[in-house]
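Participant: Residues per chain are reported as follows:
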Amino acid sequence: MSELAIRVENISKQYRIGLAQERPDTLRDLLTMGFRGFKHKLSRKGSGRYDDPAHIWALKDVSFEVERGQVLGIIGRNGAGKSTLLKILSRVTDPTEGYGEIHGRVGSLLEVGTGFHPELSGRENIYLNGAILGMRREEINRKFDEIVEFSEVGKFIDTPVKRFSSGMYLRLAFAVAAHLEPEILVVDEVLAVGDAEFQRKCLGKMNDVAQEGRTVLFVSHNMSAILRLTQEAIVLDQGKIVLRAPTPEAVDHYLNMGLTKQGERFWSEEELGGKSDDFKPAALRVLNTDGKVVDTVNAAEGFSVEFEYQLTEAISGLRVGLYMMTTRGEYVFTTFDTDDPELYQEYSLRPAGDYISKCHIPPNLMNEGRFILGLNASVYRIRRYFQEDKALTFTVDATGAPGTHWPEQRLGPVRPQFDWNIKHKEK
Amino acid sequence: MENSQEQGKQSPTIYLRPSKGWLSIDFKELWRYRELIFFLTWRDIKVRYKQAVLGIAWAVLQPLLTTLIFTVIFGILLKTPSQDLPYPLFSMSALLPWQLFSTALQRSSVSLVGNANLLTKIYFPRLAIPLSSVFAALVDFAVSFVVLLLVMAYYQYWPGWNILWLIPIVLLALLTALAVGLWLSALNVQYRDIQHMVPFLIQVWMYASPIVYPIETIPEGIWRSLYGLNPMVGVIQGFRWALLGGTPPDITMLISILVVVVLLISGLYYFRRMEKTFADVV
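Heads up: the protein sequence lines correspond to chains A and B, in order. Residue 626, in the numbering used here, is where the first sequence stops; the numbers in between run on with no holes. Residue 426, in the numbering used here, is where the second sequence stops; the numbers in between run on with no holes.
Only chain A is shown next, with the shape it has when bound in the complex (with noise of 0.2 Å):
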């Protein structure tokens, strides 16, 4: 018997982007295209293969195989094709091209409580969607009280779902999701939502799942949860996996992966997808004491960031948020702009405009290494405008920092000068 789990073969997967009128997306496009040119496209479709700008491979030429009780990271951008490759994987839908074998049988998670309907009560639907799963009904008999007990429902068992909050909706269908018992487990995100005390038991699950041996393959954007659970990781970018290693190495190379290296980002018309919103970013910056767009910045002067934007509407209560991470994913701090009740004051309401939010980062705060600035408009409650977790990278140089004087690294990702004071105590 073979010891793979898993095996796919130079699989790729062609969508359609746009140009959608040239598709008969209607009869009467249909029509109007006449049969011929329609008989055309389904015998091309047979051969799968296109390489008109209309077409994009979500997925191109991966390759890779999975051991028999493995637990595989996929880490990747948006867009990267994680989702088309457990999508694949799944059988949810085929590859374009390319071969691949799984051994055993497979279970999804990709977003749970698929197939739940609001109308029936919890009950009804852990047999549903235990069904939907792929579940037998004895098998859902056997489990139902544990599936019950893990999702902390209780007495609300009964009630049609569409009553429960959106905490209970979670837990109940991770709880059915969670107890499938598959030999591949194919994981997407779950991890996203919930709160804390539910994501820790998340975790403690797929941990039993992979301590019994059993296949996981892991995808999600948070990467403690992947250094947590996984021992190896591949990253995917554009379609392709461009590392396959260790995860820390993995998600290191992730983290830092197609970031501008010069200190400034600039966001284009077609990066914004051509949206036409109210907040458009233009530019982020990190700049040093004398003002200059630099990659490295010195800890023990301080340096700022700044962050350009434009508003094509009046935003009244808008904030722009600054998050500080380290790569492996921590966060360090989290600012605002009106974060000062004065300047909170000043801009509650900004009309359109060219607008320079910019933020003082004061000397001796950052320890050296290697940093992610996230960005973040907003009006608290209301609206999300703009979020990007990483939007630029760049690096802080410790030489003149507290304590180098040993040339040790520290711990930590901030090295602030501290008062000390030492007092000799008589005898």
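Any given hint might turn out to be false.
Said to hold, decoys possible - Cross-link-like lysine-lysine pairs, in silico, DSSO-like; alpha carbons within 27 Å at most:
1. A:Lys342 x A:Lys404
2. A:Lys354 x A:Lys404
3. B:Lys420 x A:Lys439
4. A:Lys361 x B:Lys190
5. B:Lys420 x A:Lys354
6. A:Lys342 x B:Lys190
7. A:Lys259 x B:Lys420
8. A:Lys491 x A:Lys557
9. B:Lys420 x B:Lys172
10. B:Lys190 x A:Lys354
11. A:Lys361 x B:Lys194
It should be emphasised that the hints constitute simulated quantities derived from the structure, not laboratory data.
Chain A is already provided as a structure; the job is to place chain B on it using the hints.
Facilitator: Okay, now just chain B, sitting in the frame of chain A:
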């Protein structure tokens, strides 16, 4: 079988390949997923009458009210001949198989699009979805069939052994709905025109079936044979005859069966052909 003891021993190997050509239908797999079909059917029924005060009573009211309307308009006002049967009985005995068919057809043709969230997330034989929509229509039928028997009793009509013919006849109605439903549901994934077309199609189809008028209205010979191309002609004719007697099904029944077989086989193949693209297109 995929119970837990078996999981450890032998696991099936699944092959991933581009879909090409006409795929054969995996009836074995469909059978393995029978519980899913059952639960989807059960969901359809359950959800349909949730938050309706009258609930399943609607399955009784619908044929009764329609029979009443038909009786007033076609029976009393237009004095349509009814094969010497009381007009309410004449029309209701046709309405039942008709409503079974039209409900099944209507639900199955929108079923794939209505379950798009399942199609794009989870693998299972796609046939389970239109199949369960067709089965769900049977429950309404069973309820209204009891009502029909009561109406028959009121008019002092008692069914004979011919009632056993209802089993193949109902099956034929379901297969007709499934055959057309397979075509329309798969087409509807790409062309949403279908779901706007279906109510119209059903209406035209109803008047092309001997529900409000007897089959004798259609001249015998070539016209009657052409009329028989509509499989519901055979179904309705047979249903009425099996319960109430009257004109027995003739050659038209054979034509009906033939048409259904052709539609069903082509529908299955078209469905299988398109199945692999549902998740990308829907």
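Participant: Against each hint, give a clear statement of whether it holds in the structure.
Facilitator: Do the hints match the structure? See the list:
With a C-alpha separation of about 15 Å, the suggested pair lysine 342 (chain A) and lysine 404 (chain A) falls inside the 27 Å cut-off, and the hint holds. Among the hinted pairs, lysine 354 (chain A) with lysine 404 (chain A) is consistent with the structure: their alpha-carbon atoms are about 23 Å apart, no more than 27 Å. Distance hint between lysine 420 (chain B) and lysine 439 (chain A) is fulfilled; the C-alpha atoms sit about 23 Å from each other, no more than 27 Å. The hinted pair formed by lysine 361 (chain A) and lysine 190 (chain B) meets the criterion: a straight-line CA distance of about 15 Å does not exceed 27 Å.
Distance restraint check for lysine 420 (chain B) and lysine 354 (chain A): the Cα-Cα separation of roughly 41 Å exceeds the 27 Å cut-off, and the hinted pair is therefore not satisfied. With a C-alpha separation of about 23 Å, the suggested pair lysine 342 (chain A) and lysine 190 (chain B) falls inside the 27 Å cut-off, and the hint holds. The hinted pair formed by lysine 259 (chain A) and lysine 420 (chain B) meets the criterion: a straight-line CA distance of about 19 Å does not exceed 27 Å. With a CA separation close to 14 Å, the supplied pair lysine 491 (chain A) and lysine 557 (chain A) stays within the 27 Å bound.
Between the alpha carbons of lysine 420 (chain B) and lysine 172 (chain B) the distance comes to roughly 18 Å, so the proposed pair stays at or under 27 Å and holds. About 22 Å separates the Cα atoms of lysine 190 (chain B) and lysine 354 (chain A), which keeps this hinted pair within 27 Å; it holds. As the CA atoms of lysine 361 (chain A) and lysine 194 (chain B) are separated by approximately 12 Å, the hinted pair is consistent with the 27 Å bound.
Hint violations for this structure: number 5 only, all remaining hints satisfied.
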